[in-house]
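Undergrad: Chains A and B supply the protein sequences, listed in that same order.
First residue of the first sequence: 1, per the working numbering; consecutive thereafter.
First residue of the second sequence: 1, per the working numbering; consecutive thereafter.
Derived from the structure by calculation, the hints contain no laboratory data.
Every residue gets a Cβ at the ideal spot worked out from N, C-alpha and C, and that includes glycine.
Heads up, some of the hints might be wrong.
If we take Cβ atoms under 7 Å as the criterion, some of the chain A residues that face chain B in the derived model are [said to hold, decoys possible]:
hint	residue
1	Ala2
2	Leu39
3	Asp62
4	Gly63
5	Tyr64
6	Ala82
7	Thr101
DSBU-like mimics (lysine-lysine), calculated; alpha carbons at most 35 Å apart, straight line [claimed, not checked]:
hint	chain 1	residue 1	chain 2	residue 2
8	A	Lys57	B	Lys52
9	A	Lys57	B	Lys68
10	A	Lys11	B	Lys56
Pairwise CB distance ranges (calculated) [claimed, not checked]:
hint	chain 1	residue 1	chain 2	residue 2	range
11	A	Thr5	B	Thr51	27 to 35 Å
12	A	Ser69	B	Ser83	23 to 31 Å
13	B	Gly1	A	Gly40	38 to 46 Å
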Amino acid sequence: DAEITQSPRHKITETGRQVTLACHQTWNHNNMFWYRQDLGHGLRLIHYSYGVHDTNKGEVSDGYSVSRSNTEDLPLTLESAASSQTSVYFCASSDGAVLDTQYFGPGTRLTVL
Amino acid sequence: GDSVTQMEGPVTLSEEACLTINCTYTATGYPSLFWYVQYPGEGLQLLLKATKADDKGSNKGFEATYRKETTSFHLEKGSVQVSDSAVYFCALSDSRGVGGSYIPTFGRGTSLIVHP
């Protein structure tokens with residue numbers, strides 16, 4: 001069965017360190033998204049990609065970067081982790097068809113000390 | 001721009017009670033509407049969807065009707081169970097990206113707690 005996975009599921013890091021969160025999907029979807037989820041803010045879009053070598057900034061992209069070298073993967077990098085980036089991160093994908101249902105990964109809980 | 005407003009929670013109910021979670025939207029185009037559910041410790045998953053006015057989406061006993069005249073998509077269930085305890089997100093999609101791709105707009109989520 002097709003799926004979308006994230007790793008690690010939990011991560012603790014220190015301020016200033018570079019961190020990369022992995023996202024891998026086997027749906028063969030063109031569109032991939034990264035969100036963060038915080039109490040009181042719901043889901044906020046960080047970056048998204050419409051296909052290989054395409055990346056776009058979302059509403060809270062500062063301090064984050066992504067790259068898309070193949071269809072299956074969209075890793076999210078925190079260049080220099082800050083305590084404000086402590087959050088739960090979700091990756092999602094969609095196939096760009098009319099209904100555009102999103103398929104979400106299980107999430108990564110990141111703590112920046 | 002597009003926006004989704006849903007009632008704040010938590011909504012606390014006893015088992016077998018009726019549920020309504022309100023959702024209203026603003027959109028420049030003619031969007032598709034969705035309800036997603038997030039169970040504790042998991043990612044969001046699609047609960048139901050509707051693509052045009054007066055369409056009714058349904059799944060697992062939940063229903064929502066696309067009301068264009070009131071720009072609403074309220075989620076309803078006649079008899080909730082403890083296992084329905086989760087966070088529910090209303091969302092819309094409006095094709096406005098390259099090649100018709102889109103960026104979804106989510107509400108902030110409504111927590112539902114069902115007691116035995």
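Undergrad: Determine for every hint whether it applies to the structure shown.
TA: Taking the hints in turn, this is what the structure says about them:
1. For the restraint placing A:Ala2 at the interface with chain B, the shortest Cβ-Cβ distance is roughly 14 Å, beyond the 7 Å limit, so the hint is violated.
2. For A:Leu39, the suggested interface contact is broken, since its CB lies about 10 Å from the closest CB of chain B, more than 7 Å.
3. Below 7 Å, beta-carbon pairs count as interface contacts, and A:Asp62 has none with chain B, the closest being about 18 Å; its hint is therefore violated.
4. The closest approach between the C-beta of A:Gly63 and any C-beta of chain B is roughly 20 Å, which is over the 7 Å cut-off, so the hint fails.
5. Taken as an interface hint, A:Tyr64 does not check out: its beta carbon lies about 16 Å from the nearest beta carbon of chain B, beyond 7 Å.
6. Taking 7 Å as the C-beta contact cut-off toward chain B, the hint placing A:Ala82 at the interface is violated, the least distance being around 23 Å.
7. Residue-level restraint check for A:Thr101 holds (minimum Cβ-Cβ distance to chain B is 5 Å; threshold 7 Å).
8. Simply put, A:Lys57 and B:Lys52 have alpha-carbon atoms about 30 Å apart, close enough for the 35 Å limit, and the pair holds.
9. In summary, the hint linking A:Lys57 to B:Lys68 is supported, as the alpha carbons are separated by about 31 Å, within the 35 Å threshold.
10. For the hint linking A:Lys11 to B:Lys56, the alpha-carbon distance of about 41 Å lies beyond 35 Å, and the restraint is violated.
11. Against the hinted window of 27 to 35 Å, the Cβ-Cβ separation of A:Thr5 and B:Thr51 comes to about 29 Å, which satisfies the hint.
12. Between A:Ser69 and B:Ser83 the beta carbon distance is about 41 Å. The supplied range of 23 to 31 Å is therefore violated.
13. Here the CB-CB span from B:Gly1 to A:Gly40 is close to 20 Å, at odds with the stated 38 to 46 Å.
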